[in-house]
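Chemist: Chain by chain, the residues:
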Amino acid sequence: DAKTTQPTSMDCAEGRAANLPCNHSTISGNEYVYWYRQIHSQGPQYIIHGLKNNETNEMASLIITEDRKSSTLILPHATLRDTAVYYCIVFRNNNDMRFGAGTRLTVKP
Amino acid sequence: NAGVTQTPKFQVLKTGQSMTLQCAQDMNHEYMSWYRQDPGMGLRLIHYSVGAGITDQGEVPNGYNVSRSTTEDFPLRLLSAAPSQTSVYFCASSYHRTGGDYGYTFGSGTRLTVV
Numbered sequence: 001d002a003k004t005t006q007p008t009s010m011d012c013a014e015g016r017a018a019n020l021p022c023n024h025s026t027i028s029g030n031e032y033v034y035w036y037r038q039i040h041s042q043g044p045q046y047i048i049h050g051l052k053n054n055e056t057n058e059m060a061s062l063i064i065t066e067d068r069k070s071s072t073l074i075l076p077h078a079t080l081r082d083t084a085v086y087y088c089i090v091f092r093n094n095n096d097m098r099f100g101a102g103t104r105l106t107v108k109p
Numbered sequence: 001n002a003g004v005t006q007t008p009k010f011q012v013l014k015t016g017q018s019m020t021l022q023c024a025q026d027m028n029h030e031y032m033s034w035y036r037q038d039p040g041m042g043l044r045l046i047h048y049s050v051g052a053g054i055t056d057q058g059e060v061p062n063g064y065n066v067s068r069s070t071t072e073d074f075p076l077r078l079l080s081a082a083p084s085q086t087s088v089y090f091c092a093s094s095y096h097r098t099g100g101d102y103g104y105t106f107g108s109g110t111r112l113t114v115v
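Protein chains in written order, with the numbering used here: chain A, 1 to 109; chain B, 1 to 115.
Some chain B residues judged to face chain A by a derived CB distance under 8 Å, without partners named:
(1) Met-41
(2) Gly-42
(3) Leu-45
(4) Glu-59
(5) Phe-90
(6) Gly-99
(7) Tyr-102
(8) Tyr-104
(9) Gly-109
What follows is a set of in silico ranges between Cβ atoms, one per label pair, in the way DEER data are often shown:
(10) Ala-82(B) <-> Leu-80(A): 30 to 40 Å
(11) Thr-26(A) <-> His-96(B): 21 to 31 Å
(12) His-40(A) <-> Val-115(B): 18 to 28 Å
(13) Ile-54(B) <-> Asn-30(A): 21 to 31 Å
(14) Glu-14(A) <-> Val-115(B): 40 to 50 Å
(15) His-77(A) <-> Ser-18(B): 45 to 55 Å
(16) Asn-57(A) <-> Phe-10(B): 30 to 40 Å
(17) Ala-2(B) <-> Glu-58(A): 20 to 30 Å
(18) Met-41(B) <-> Leu-51(A): 22 to 32 Å
(19) Asp-26(B) <-> Arg-16(A): 32 to 42 Å
(20) Ala-17(A) <-> Thr-20(B): 36 to 46 Å
To be clear, the hints were calculated from the coordinates, so they are not data collected in a lab.
We treat Cβ as the ideally placed atom computed from N, Cα and C, and that holds for glycine.
Construct the entire structure; sequences and hints are all you get.
Modeler: So this is what it looks like as structure tokens:
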């Protein structure tokens with residue numbers, strides 16, 4: 001599976017968009033990009049995933065560059081409840097989903 | 001719809017004791033897995049199952065056993081607890097190993113301390 005690189009931490013003002021980057025320069029053609037988040041000590045929560053195209057759901061948007069070497073998770077209007085560790089995971093079928101250290105996002109009032 | 005239920009939520013064991021962490025899901029998911037999370041670190045996969053009667057090892061399987069006799073249940077057994085197994089354990093389930101369109105559903109975790 002491709003390795004991912006994420007910033008260790010980020011801050012965002014409440015009500016503003018939070019843009020969380022992820023670098024996956026060694027991604028292969030059949031690998032998906034998944035995003036999860038973990039709020040405090042809870043179990044991780046699925047956010048969104050994509051292969052090539054940009055994706056949007058009720059929680060977030062996922063922007064994948066054309067060469068697929070990086071992606072950005074966008075929380076359009078961050079709230080205090082979005083404070084969490086965000087994990088970017090790249091993997092393909094028949095492999096294991098492995099979580100890295102993630103990005104600790106702090107939303108500030 | 002309870003989702004993924006883990007029991008117990010907290011447990012203290014003495015070194016050498018054995019115990020079983022329970023995980024049950026009511027979503028008819030074929031895929032189930034166990035992760036452990038140590039302080040300040042990401043999750044590491046212990047064991048997983050792609051269906052009843054089928055299990056396989058993940059990244060850190062040593063010291064743990066699993067079985068999958070039903071679709072709903074996926075217990076994790078610690079054979080002889082060691083302090084290095086002090087961690088938070090999460091169970092996850094999904095329709096598919098990749099997570100599919102809805103991703104993995106995680107339980108709330110079991111916090112295990114081995115003294």
